[in-house]
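Novice: Line by line, the protein sequences are chains A and B. When we follow our numbering, the leftmost residue of the first sequence carries the number 103, and every step to the right adds one. When we follow our numbering, the leftmost residue of the second sequence carries the number -15, and every step to the right adds one.
Where hints are given, some of them may not hold.
Said to hold, decoys possible - Restraint ranges, calculated between C-beta atoms of paired labels, are given here: (1) B:G116 x A:L226: 41 to 49 angstroms; (2) B:D153 x A:S118: 31 to 39 angstroms; (3) A:V136 x B:G116: 35 to 43 angstroms; (4) B:P80 x A:E152: 54 to 62 angstroms; (5) B:K8 x A:L299: 38 to 46 angstroms.
No lab work stands behind these hints: they were computed from the structure. Ideal Cβ positions, reconstructed from N, Cα and C, are used throughout, including at glycine.
Given next are the chains, with one letter for each unit.
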Amino acid sequence: MSAVAAELLKLRRSWSTSILIGILALLQLLLGYVLLYFIIQAPLSGEDAELERAGLLIIVSPGNFVLNVLNMLASLGAALALVLGAMHSAREYGWRTISTLLTQGPTRLGVFGAKLASLAIVILIMVLVAFAVGAMGAALVASLLDNPVAYPSLSEIAAGIAAGFLIAGAWATLGFALGFLLRSTGLAIGLGLVYALVIENLVAGLAFLNETVRAISHGLLGSNGSALAASFGPEVPGGQFGLLPIDPPVASAVLAAYIVISSVAAAVALMRRDVT
Amino acid sequence: MSAAETRTSAAIETRDLTKRYGTKLTALDSLDLIVRPGEVYGLIGPNGAGKTTFLRLVLGLIRPSRGEATVLGHPAGAPESLRQVGAVVETPAFYPYLSGADNLRVVARYSRHDPARIGPALERVGLGDRGGDKVRGYSLGMRQRLGLAAAFLKDPQLYLLDEPTNGLDPYGIAAMRGIIRDLANEGRTVLLSSHLLAEVEQVCDRIGIIHHGRLLREESMSEMRGASRLHIVASPPDRAEEILRAQPRVEGVERTDTGISVTTAPENAAALNRALVAAGIEVSELRVAARTLEEAFMSLTGEPAGAAAAMGS
């Protein structure tokens, strides 16, 4: 436990932790509510404008804030979580502090466990902040629109937080593993973001054109994260546009599998390799 | 001390310790080395000789390709040994965005030691008033001292100090020498790895010379210096050399640029002086000239003159 406390001290004192969580909160507020509020308030134009505005009103409503937050966590939040995870492991190599940690007494597995546990705590805080900001943003927009502030049930919020933790945790653990495997902060973040923002989207975009690509896409982090997030919204016959229809339990299992595989890969990299 | 006793009580013992990188580079080659409890052991050698590789193996940061190392009776890298080892390897690595004190707090929590020791440890290395500053603003010498403070936190039995005077000013070097002597007086074991031969010569009880990954020699400082010599300046030198060669208990006579070097015990000085004066030779200088560690090092490694002084460059 004292090693976890040491890791939390490092994370707490690091500006990058606060900045990443702060960016997520800001994006949640700006892109999830403020921007949509201004679109809703803007003059209508086009045939489907009323329909579109009705759809936006549903998205920003407090009753739908869990979906709103999860969508943010599954997209931009995923990239931020990946960066946080990669920095948490790779910076130890950049600063060579991994040697300092490994010569203090705990086993390598102990050091790994402390780092993973502290990352999980920070990711949970990140998710809770996103939910808190989402709830406040929804209330703000609802009050500006003179709509009632009615949140979903506590059980749905709790389930949403768990899903958000699973989504952000899977991406953070992937970054964490990349950091240990590549031992370079820049390379881990760079490759991680290329995968998250380019490769995943490319494959997901082609999934509707080819059965094989579709099958591959079913195993991707982004597809499963988005599908899990979408399961907190209204049911759409035939599935939501642009999303693969993956059952929530399957999506959760795939995300959990990513966490386990990434953690094992990171642990093996730390335990088996020389620290030079 | 019997071999068996040495094996069980050694602070560090390595047997056939070998580290290879790929098929071409052998960083450490069949190293058999013993560091006894309570001694200050100097490991010297040029850059790339294998000193840091040895320390990393002892700390369990890298694994041997062959052989084994035990530290305080436990396998190298085992938690039981690491908790009793304070190490400063190369330039100590710390979190630049944390203060010196917070870095020590991280170390204390990882090593499960009382954070109350942080203040005294910073005071002991002269960083008492800078502990609250971010490490990114520290000079190399300050980082070096913070590394030592981190080692003090653990109050360890064994100190592994790799080039501990790197970046220190002359006052810092003198203070470091004092600290090492204090540790020795407290009965701690110190393994000092350094390229500064004069520094090693001043504080170490025994030394090991490592070159191209091999331990060339391991013995006490007095053994390393070898037989004492007398430096004599006399005139005429040819006749003086002739007289000296004929004296009993003289093991060797050699002409140097500045005089004559005689290999013999220092207590023969008066007898040799008498013999030379009796033969009508004018003796203008006669002094004991022990072999320096640098000379011993160069004779063992076959490095050209001046190479030893430039080992660390």
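Novice: The structure should be examined with respect to each hint, and the outcome stated for every one.
Specialist: Cross-check of the supplied hints:
| no. | hint | result |
| --- | --- | --- |
| 1 | B:G116 x A:L226: 41 to 49 angstroms | violated, 31 angstroms |
| 2 | B:D153 x A:S118: 31 to 39 angstroms | holds, 34 angstroms |
| 3 | A:V136 x B:G116: 35 to 43 angstroms | holds, 40 angstroms |
| 4 | B:P80 x A:E152: 54 to 62 angstroms | holds, 56 angstroms |
| 5 | B:K8 x A:L299: 38 to 46 angstroms | holds, 41 angstroms |
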